[in-house]
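Trainee: Make a model of the complete structure from these sequences and hints.
Okay, so the sequence shown: first residue is 1 according to full-length UniProt numbering, each after it adds one.
It is possible that part of the hints are untrue.
[Said to hold, decoys possible] Label pairs and their in silico Cβ distance ranges:
#1 Met-1 to Leu-40: 49 to 59 Å
#2 Val-10 to Leu-65: 37 to 47 Å
#3 Thr-42 to Glu-20: 38 to 48 Å
#4 Leu-29 to Ala-62: 16 to 26 Å
#5 Pro-3 to Phe-48: 39 to 49 Å
No wet-lab data here; the hints were simulated from the structure.
Backbone N, C-alpha and C fix where the C-beta goes; we use that ideal spot for every residue, glycine too.
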Amino acid sequence: MEPVIIPRYVDELPQIALWEIDEALIVLLLISFGILTKQLITMSIIGFGSAYLFGRFKQGQARGLLLHFMHFYGLMPFKGFWLDFNYKRDWMV
Numbered sequence: 001m002e003p004v005i006i007p008r009y010v011d012e013l014p015q016i017a018l019w020e021i022d023e024a025l026i027v028l029l030l031i032s033f034g035i036l037t038k039q040l041i042t043m044s045i046i047g048f049g050s051a052y053l054f055g056r057f058k059q060g061q062a063r064g065l066l067l068h069f070m071h072f073y074g075l076m077p078f079k080g081f082w083l084d085f086n087y088k089r090d091w092m093v
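Mentor: What follows is the structure, encoded as structure tokens:
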């Protein structure tokens, strides 16, 4: 068998320009909200700033931190896992 070359960045998120997709969505959502509310410049500045801060936040954390955060606080349940929900504080045995 011949060895198969696996690309180095196969598991990375897709990119739009300089940002990963989750950072770009922050910018695009806030710019579109700025268009709807006629506050384009303000929302653009807030969008770029929050995408920068989110990128800095993600830099030192493990992959999938946002998904784990949403699961822990009950915003996105993971179906089919063997765990019960983390946001339950009282357990009945």
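Trainee: Now, for every hint given, state plainly whether the structure supports it.
Mentor: Hint-by-hint comparison with the structure:
In this structure the supplied range 49 to 59 Å holds for Met-1 paired with Leu-40, their Cβ-Cβ distance being about 57 Å. Roughly 20 Å separates the CB atoms of Val-10 and Leu-65, a value that falls outside the hinted 37 to 47 Å. Distance hint check: the CB atoms of Thr-42 and Glu-20 are about 24 Å apart, inconsistent with the given range 38 to 48 Å. Here the CB-CB span from Leu-29 to Ala-62 is close to 25 Å, well matched to the stated 16 to 26 Å.
At about 43 Å, the CB distance of Pro-3 to Phe-48 agrees with the hint of 39 to 49 Å.
Violation of the numbered hints given earlier is confined to hints 2 and 3; the remaining hints are satisfied by the structure.
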